[in-house]
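There are 2 protein chains.
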Amino acid sequence: MQETRLDTARIRAARRVIDPIFLDTPLYRCEALEPALGCTVSIKLETANPVRSFKARGTEVVANLLADSGSRAAVCASAGNLGQALAWSGRGRGIDVTVVASRFATVTKLDRIRALGARLELVDGDHEMARERAAAIAQYDGIRLVEDSLDIETCEGAATIGLELMETAPAFDTVLIALGGGALATGVGHVVKTLAPEAEVICIQPLGAPAMTHSWRQRRVVTTDSTNTIADGVAGRYPIPAVLSDLLLVADDAVLVQESSIIAGMRLLLTHAGLVVEPSAALGIAAILEDPDRFAGRHVVTIVCGSNVDVDAYHRWVGAAPIHRS
Amino acid sequence: MQETRLDTARIRAARRVIDPIFLDTPLYRCEALEPALGCTVSIKLETANPVRSFKARGTEVVANLLADSGSRAAVCASAGNLGQALAWSGRGRGIDVTVVASRFATVTKLDRIRALGARLELVDGDHEMARERAAAIAQYDGIRLVEDSLDIETCEGAATIGLELMETAPAFDTVLIALGGGALATGVGHVVKTLAPEAEVICIQPLGAPAMTHSWRQRRVVTTDSTNTIADGVAGRYPIPAVLSDLLLVADDAVLVQESSIIAGMRLLLTHAGLVVEPSAALGIAAILEDPDRFAGRHVVTIVCGSNVDVDAYHRWVGAAPIHRS
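So the sequences go chain by chain: Y and A. Residues in the first sequence are numbered consecutively from 1, following UniProt numbering. Residues in the second sequence are numbered consecutively from 1, following UniProt numbering.
In short, the hints are calculated from the structure, not lab data. None of these values were measured; they are calculated from a predicted model. Careful, some of the hints might be misleading.
Quick look at which bits of chain Y chain A covers, simulated, 3 or more residues with Cβ under 8 Å [as the list claims (entries may be wrong)]: (1) 19-25; (2) 28-39; (3) 48-59; (4) 274-284; (5) 303-312.
Just so it is clear, CB atoms sit at the ideal spot from N, CA and C, and this is done for glycine as well.
Just need the whole structure built from these sequences, with the hints factored in.
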């Protein structure tokens with residue numbers, strides 16, 4: 001394998017600065033899902049932690065470096081999960097965190113960012129506009145801009161999931177990874193391809209937000225004018241060239257799935273695994289549903305990467321009426 | 001403290017025979033729950049494993065002993081979670097497992113018991129009738145009867161949760177434990193009272209299944225004629241004297257909660273923690289909701305002990321319409 005920006009020794013070192021509350025997450029076979037999917041399915045569960053997504057693995061690495069260098073402030077753009085995670089990691093280290101998000105972002109994600117003490121700024125546009133605004137704030141205020149997937153620490157943090165996958169027996173055949181900016185896919189993909197090159201790394205994106213997948217297929221950055229998906233966590237339009245370069249080295253395939261499959265995946269995870277997940281976290285199951293022959297008889301690990309949903313929207317998706325809010 | 005039937009050294013030894021997939025479960029503070037509850041809340045999550053409850057900690061210890069002694073069969077009565085767990089633990093060790101359950105038990109639990117390869121026998125009565133029938137099978141077939149809470153291995157397995165709680169910092173003030181047969185309460189309670197006697201151990205039972213709580217309060221076995229609760233996992237009528245004796249030594253209080261509070265607890269865990277739980281697993285949150293002043297400002301750990309629910313029933317409880325089943 002050609003060299004990605006990632007380094008396995010640095011990823012092992014990252015584990016030592018991440019709060020253990022985010023590490024060694026559950027990894028277990030979920031047989032109840034298997035009749036519907038036709039393959040052996042293991043779940044790597046990244047939702048049972050204070051921010052309900054894997055993102056804090058990366059922000060812990062970032063915030064640790066910031067604290068070591070005496071930095072007292074940082075800003076990021078976020079669809080919601082990175083913002084929560086950076087707010088959490090910053091708060092514990094006395095770092096003032098500003099999060100820029102789209103005003104169309106998931107409401108509970110925005111509420112949690114505020115509750116964790118971060119300053120939240122909303123832009124009247126999508127995630128790419130939030131990225132521009134965050135960069136402007138960083139320049140104006142002279143503070144660190146945390147750029148998901150571009151900043152190697154975010155990839156290294158996500159890559160620690162890969163190390164945990166490698167520790168398990170029996171080995172799996174395929175890992176299914178939600179593809180957004182690419183930190184999770186390149187991080188986990190790097191570790192898998194380094195330590196178990198025979199395992200297949202498949203990235204999944206919604207048809208409604210296909211920029212990185214198109215880029216991977218064409219081996220050059222392809223942007224889109226808009227996104228249209230409920231999977232808010234992966235809805236970018238401007239792939240980052242350095243991240244694409246890494247993805248080209250570690251991904252065996254990049255797959256696009258329909259919204260209806262994402263919803264069916266969320267429903268299966270609820271019904272047969274008892275898991276509430278956000279749409280991005282159901283992309284792997286959606287990929288199996290769309291192409292069961294491809295996975296038949298294989299042992300597939302899917303990373304359930306987040307559970308931050310608005311409950312009413314969740315019930316709409318899985319087919320139930322709104323509930324009374326407590 | 002007077003001596004319970006439990007022994008901390010044996011509990012530490014139990015950890016070594018339990019499949020690691022059931023150990024070191026997530027323990028994390030869930031700040032999003034706190035505004036509604038008025039105290040610091042940490043969750044010990046026992047649902048992210050192949051049987052979606054804590055019960056396999058105990059059945060792993062039981063099945064390990066059975067395998068070591070050359071036993072090839074076992075029978076238990078179960079409301080559903082013990083049966084799944086024993087089926088799982090037995091299957092991996094070549095032990096034929098028979099589970100006796102009420103025909104009114106949660107359907108998904110019964111389905112999972114069958115799917116895990118156990119022989120399932122249903123009785124036309126409640127859990128106490130299932131216990132009688134399981135004992136009769138054991139005697140007739142000359143095989144091991146696994147009795148939840150009476151068999152010390154089931155308590156030792158559950159008690160390993162207590163060891164994990166003790167490893168964490170910062171320390172908690174109170175642990176809230178669902179009370180049914182008593183294995184979880186006496187196991188965890190023993191460890192907490194041995195290693196952190198200043199921490200408060202509070203057991204919670206539904207008003208509709210109060211036998212063990214009444215027994216604890218009157219310091220003698222009190223039975224009831226019936227049960228009436230959605231919390232199927234804790235709905236016993238005949239407390240076991242030896243378990244009550246242990247409970248009297250380790251519990252600081254035993255509390256009864258209303259069904260409406262259990263449902264409100266399930267709804268809070270869904271809305272603010274993204275967790276689907278079975279009713280028994282919401283008993284701790286229900287107790288806080290019923291008496292917030294008691295817990296105000298304290299750090300409370302609640303053990304989320306299981307997530308095996310029928311999804312349609314779950315939606316009825318939390319207030320949403322039935323979903324389309326996949």
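### Task
May I ask which of the numbered hints given earlier this structure violates, with the numbers listed in increasing order?
none
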